[in-house]
Amino acid sequence: MSVLGRGVRNAFRNVTRTVAIVVILGVTIGLSFVMLISHKAIQEKIDATLASVGTAVTVVPVGSAGTTTPRYLTTAELGRVRRLPHMVNLDEALSGGTKVDGRPVTVVGTNDPTDPVNVGASTLTVVAGKPIDTGGDSDEAMVSATLARRDDLGVGSTFRAYGRTFTVEGIFDSDTAAGNNTVIVPLGTEQEATHRDHEVAHATATADSLVHLSAVTDEITLALGPGADVTSDIGQADQALGPLDSVKSLSLYTLYGAAGAAAVISFLVMVMIVRERKREVGILKAIGGANRPIMLQFMAEALTFSGLGGAVGLVAGGFTAGSITSGLVGRNFHATASAADILGGLAAIVLVAGFGSAAASYLITTIQPAEALRSE
Amino acid sequence: MLETKEVTKMFGSADHAVTAVQGVTMNVADGEFVTIVGRSGSGKSTLMSLLGGLEPPSSGTIYVNGEDISSLSSRQLDRYRAHAVGFVFQNYNLVPNLTATENVMLPMEFAGRPKGSRRLRAEELLAQVELTGAKQTRKPGKLSGGEQQRVAIARALANRPKLILADEPAGNLDSQTAGTIVELLRTLAHTEDTTVLVVTHDASMAKTSDRTFRLSDGRLAEE
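Residue numbers (the working numbering), protein chains in the order written: chain Z, 712 to 1087; chain Y, 2 to 224.
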């Protein structure tokens, strides 16, 4: 019988004890596995939620909504915002109303003609021509496909508004009726046409990443003072993700705790076994056994305990991970083991066995055969 | 082939040192069957441990087949115990969850003997000590004391050592079985040309040996 075979067989010398060790290791490794799966599933949910948030910050003057005398931000104020760190874009817009071919339309002046927020939509696609150049106060315009059809306009066509002649540079389509009743012109053009030089009705700032979104929101609030309402989706997301963050932390600490407990249990079990078999180790050394094969034998025993405990834990954990995670989160939550999770579980088993083996190995090297044989 | 010069073994620290073996000098030739008698606590088992390389002497030298084992490293002592010496203990000291055959195969594995020949050699040795059939596949707990000691003797012979050290080999056996075991050891010494050193407190066993030494308070004298 090989050294490893003896180690595996030794693991079953006392069946009652083996069952107890396997159950205890199974519970701890299983709990680690469940927490690993939970933590990962919650992290994925948090990432998905944050990804849907976007990095936009909306800035509007306080009290501008629903009043007959709307207030405006100034380009000077927004200049301070533009210089803040972690800002990648600042889209300013001013909207007004006029008639095209005798029919009312909304005109939006902006320095970002492809931002759907400016036309009250969530998507904006240029379907013909190109976006307008927003650098100055030119008479370029983008019209919605709906208006283009209604007024028989195409790229290169002209139309009259604000007493000026605009040339259609592009035709766009959006996902709202209001958006599809809009003409987009350069911000400077709209300011000049409506006699609101240097005034902006609303602005959309874009942070360079989700990580900096909160900080950018706070910085803009500070820069504009109480005269502006500054909002982003991060606050709402934080509220939704708060409980998930708590469960994520709990699962992480429990994962560490359970894996640590498994390692400590394995360590103590092997210490107990080697101490109990000190005389036997002495005999093996007396008949020519070197430290290495004896250590290998005990390592195989530790690996058998951890392997069996791990198998029980992985199977039980795999089946219960979903319901335990749902229980922790407080609602139905999808959490299943992936191949990476199983690999992580197997790594934990090897780690647990390693701890047990380390204890056994160290003790074996300290056992003197003569001393062990005298201790009857 | 076995020669000791002024071998001393002390235990404990300088202030509370206990001398178990003191200035032991002896020579034993190949194939001799020698007994060392002495009362309990006289240092017999300690002397066996020293000769078997289980622990180093505090001073003095031990030569086995011309090699000074008192200066060997831990790894060299492992090899010495695996190849050159066989132990027979009073309490048999078999590994409880291995069968008789597997117990005998164990030293051969440690000595690096090819796997295929181990079982055959173990079965031959067990047959030589008259343990045959189903008894070879029994674990020690299912064998009598005499049978366990036969397994221990077969295990001691596994790697054809030139020296067998038997510490009270009949101490736990009835007189009839004890006589059989001692006779078995003496026969092996002569047929296998193996030096056998038996430690005992039984003076009657000493009468059957080629030479007898007496150990008293750690000091050795030939009778």
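Any given hint might turn out to be false.
To be verified - Using 30 angstroms as the maximum straight-line C-alpha spacing, the simulated DSS-like pairs for lysine-lysine come out as follows:
#1 Y:Lys140 to Y:Lys208
#2 Z:Lys989 to Y:Lys143
#3 Z:Lys989 to Y:Lys140
#4 Y:Lys140 to Y:Lys163
#5 Z:Lys989 to Y:Lys136
By construction, these hints were calculated from the structure, which means they are not laboratory data.
Treat the numbers as computed from the prediction; the structure is a model and nothing was measured.
* Asked: Against the structure shown, which of the earlier numbered hints fail to hold, in ascending order?
  -> Hint 1 alone not satisfied by this model.
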